[in-house]
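**Student:** Protein sequence lines correspond, in order, to chains B and A. To convert, count from 1 in the first sequence and add 62; that's this note's numbering. To convert, count from 1 in the second sequence and add 62; that's this note's numbering.
Honestly, the hints are just simulated from the structure, not real lab data. Just to be clear, a hint being listed does not mean it is correct.
In silico lysine-lysine, BS3-like type, Cα no more than 25 Å apart, as pairs [as the list claims (entries may be wrong)]: (1) 70(B) x 100(B); (2) 262(A) x 259(B); (3) 262(A) x 262(B); (4) 259(B) x 287(A); (5) 341(A) x 266(B); (6) 91(B) x 341(B); (7) 287(B) x 316(A); (8) 341(B) x 266(B); (9) 70(B) x 316(B); (10) 223(A) x 266(B); (11) 287(B) x 70(B); (12) 266(B) x 349(A); (13) 287(A) x 316(B); (14) 262(A) x 223(B); (15) 266(A) x 259(B); (16) 287(B) x 259(A); (17) 266(A) x 287(B); (18) 223(A) x 262(B); (19) 266(B) x 266(A); (20) 259(A) x 262(B); (21) 262(B) x 93(A); (22) 259(B) x 349(A); (23) 259(B) x 316(A); (24) 287(A) x 266(B); (25) 223(B) x 223(A); (26) 259(B) x 100(B); (27) 287(B) x 262(A); (28) 282(B) x 70(B); (29) 75(B) x 100(B); (30) 262(B) x 70(A); (31) 316(A) x 223(B).
What follows is a list of derived Cβ distance ranges for each label pair [said to hold, decoys possible]: (32) 223(A) x 75(B): 35 to 41 Å; (33) 200(B) x 200(A): 38 to 44 Å; (34) 121(A) x 347(B): 46 to 52 Å; (35) 200(B) x 121(A): 31 to 37 Å; (36) 107(B) x 217(A): 45 to 51 Å; (37) 83(A) x 300(B): 41 to 47 Å; (38) 283(A) x 113(B): 55 to 61 Å; (39) 117(A) x 169(B): 39 to 45 Å; (40) 298(A) x 113(B): 58 to 64 Å.
Even glycine gets a Cβ: it sits at the ideal position worked out from N, Cα and C.
2 protein chains.
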Amino acid sequence: MSDIDTSKIIDGKAVAAKVEAEASAAAQKLKDNGIIPKLVTVLVGDNPASQMYVRMKHKACERVGIAAEDCLPPADISEAELLDLIHGLNEDDSVSSILVQLPLPAHINAQTIMNAISPMKDPDGFHPFNMGNLMINEEGLVPCTPKGIIRLMEEYNVEIKGKNAVVVGHSNIVGKPMAAMLLNRDATVSICHVFTKDLKLYTKEADILVVGTGVKHLIKADMVKDGAAIFDAGITTDATGTYGDVDFENVIQKASLITPVPGGVGPMTIAILMTHVVKCAEMIAQK
Amino acid sequence: MSDIDTSKIIDGKAVAAKVEAEASAAAQKLKDNGIIPKLVTVLVGDNPASQMYVRMKHKACERVGIAAEDCLPPADISEAELLDLIHGLNEDDSVSSILVQLPLPAHINAQTIMNAISPMKDPDGFHPFNMGNLMINEEGLVPCTPKGIIRLMEEYNVEIKGKNAVVVGHSNIVGKPMAAMLLNRDATVSICHVFTKDLKLYTKEADILVVGTGVKHLIKADMVKDGAAIFDAGITTDATGTYGDVDFENVIQKASLITPVPGGVGPMTIAILMTHVVKCAEMIAQK
């Protein structure tokens, strides 16, 4: 690793800490006015990975000074019962934000549940109303991972307007909202995915490359433009270690900026989530 | 024009007539069950172009067998009064669809008005909830022009999945929803616009090219890939005639399929609108 220029490495942990400090200050301001931002996490069943994610979110709330509450319905809760539960949380003015941890059991339609959360209490930004506002350049509550990547671009002065941006992966959570945010900032945006026939044709022209596929080391050095800014939202853990979607050690030689995995995009997601919980509380206060 | 292969020309009028016939049959089915699909058009003030567009929509309703009603508030109606008017139409079960003709006077925020229309009564598909559903591949009521283009692709057996699709123009009405629809059908999608530095770099790779910019003859033959399918949603009328965004006479030499202007994409927009009015009536009937 001695030939790596560490000045190219984006420090996601440091920016996340800065974002959390901002969220903390905004939360304090609300609390000074008697408003306590509160996140309710809904975890159906006992999936260990989901439990870990929820724990991480609660810890972040603690750091930032946001109240966090567990809601733990059993795995066999019916869709109708879960909807009732969500409706109750929507109507409870002490609840700023509702986060339903995915995945849900197979007998529950996740989209039906997402759509039931009040768009005003949706810190994940997954509600179609919030997604639609993102699409028409009225960004409010938006998905946290792409928003975190935009914040990294801002912190590292990555110019977006007029640049060739390529997003690899077209998930509803990362790829599509990422493309929308880059388009809102006037990049020329290409969205590639598993059905793309010649990925390199696109990635080679990218001034900005965002990858979120979960395919270990999908992006090699010969696929990347000299001087590109590269953001890696993928993470794969196997017996030999933890990897991103980008072949970091080789790609960094060509990049001007690059996020490591871990410590790049990852920490931003929860930090942005915290700002959204505060934003929800502010919106409720303004009602 | 003698060297033009007319078999490459997409007949938008014929497909639009087919779509209107389908809408008419579906409307008849509803009427047989005592449900009358009804479109209310809201035209604020007396902009002559807007009056013409509204008239065209009413004529289409007549052809299809849909009731159409004019709502003609004066140009000085306040935003609050217009909102009240929309709310009244939302609550009126005899009204299937509400279409607010744009542009609105400067003292009224168009987005506020769009957001006030019930997403269930939104045949234009502009409501953020409907846009968001489009984005997450739950297409319901979607913008009519891009939907019309998708229908042309279907009628002419244009394969979308895995193809390189390029959309030129990033408006909320054409470009962005077009990109979302192509992405939902697994094309690799690039969105270019006025800030794109090297448009040809993108258009030259396009198997499918959709253009909606309003810039006369923006797309020249040397910017187009051999065998591309080309859809032109632009229209410019000047002293010498009516033109699309594509230099039709030269580009057709390279294209496998191409829409003319007029008579290509244009007729599809209103035909799709008619299917949406019927769809709204069906949704209300199912409530």
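**Student:** If a hint holds in the structure, say so; if it does not, say that too.
**Tutor:** Comparing the hints with the structure gives:
no.: 1; hint: 70(B) x 100(B); in the structure: violated, 37 Å
no.: 2; hint: 262(A) x 259(B); in the structure: holds, 20 Å
no.: 3; hint: 262(A) x 262(B); in the structure: holds, 18 Å
no.: 4; hint: 259(B) x 287(A); in the structure: holds, 16 Å
no.: 5; hint: 341(A) x 266(B); in the structure: violated, 44 Å
no.: 6; hint: 91(B) x 341(B); in the structure: holds, 12 Å
no.: 7; hint: 287(B) x 316(A); in the structure: violated, 30 Å
no.: 8; hint: 341(B) x 266(B); in the structure: violated, 38 Å
no.: 9; hint: 70(B) x 316(B); in the structure: holds, 10 Å
no.: 10; hint: 223(A) x 266(B); in the structure: holds, 22 Å
no.: 11; hint: 287(B) x 70(B); in the structure: holds, 15 Å
no.: 12; hint: 266(B) x 349(A); in the structure: violated, 51 Å
no.: 13; hint: 287(A) x 316(B); in the structure: violated, 30 Å
no.: 14; hint: 262(A) x 223(B); in the structure: holds, 18 Å
no.: 15; hint: 266(A) x 259(B); in the structure: holds, 16 Å
no.: 16; hint: 287(B) x 259(A); in the structure: holds, 16 Å
no.: 17; hint: 266(A) x 287(B); in the structure: holds, 19 Å
no.: 18; hint: 223(A) x 262(B); in the structure: holds, 18 Å
no.: 19; hint: 266(B) x 266(A); in the structure: holds, 16 Å
no.: 20; hint: 259(A) x 262(B); in the structure: holds, 20 Å
no.: 21; hint: 262(B) x 93(A); in the structure: violated, 54 Å
no.: 22; hint: 259(B) x 349(A); in the structure: violated, 43 Å
no.: 23; hint: 259(B) x 316(A); in the structure: holds, 22 Å
no.: 24; hint: 287(A) x 266(B); in the structure: holds, 19 Å
no.: 25; hint: 223(B) x 223(A); in the structure: violated, 29 Å
no.: 26; hint: 259(B) x 100(B); in the structure: violated, 46 Å
no.: 27; hint: 287(B) x 262(A); in the structure: holds, 18 Å
no.: 28; hint: 282(B) x 70(B); in the structure: holds, 17 Å
no.: 29; hint: 75(B) x 100(B); in the structure: holds, 24 Å
no.: 30; hint: 262(B) x 70(A); in the structure: violated, 31 Å
no.: 31; hint: 316(A) x 223(B); in the structure: violated, 32 Å
no.: 32; hint: 223(A) x 75(B): 35 to 41 Å; in the structure: holds, 40 Å
no.: 33; hint: 200(B) x 200(A): 38 to 44 Å; in the structure: violated, 20 Å
no.: 34; hint: 121(A) x 347(B): 46 to 52 Å; in the structure: holds, 50 Å
no.: 35; hint: 200(B) x 121(A): 31 to 37 Å; in the structure: holds, 33 Å
no.: 36; hint: 107(B) x 217(A): 45 to 51 Å; in the structure: holds, 46 Å
no.: 37; hint: 83(A) x 300(B): 41 to 47 Å; in the structure: violated, 57 Å
no.: 38; hint: 283(A) x 113(B): 55 to 61 Å; in the structure: holds, 60 Å
no.: 39; hint: 117(A) x 169(B): 39 to 45 Å; in the structure: violated, 51 Å
no.: 40; hint: 298(A) x 113(B): 58 to 64 Å; in the structure: holds, 59 Å
Checked against the numbered hints given earlier, the structure breaks hints 1, 5, 7, 8, 12, 13, 21, 22, 25, 26, 30, 31, 33, 37, 39 and satisfies all the rest.
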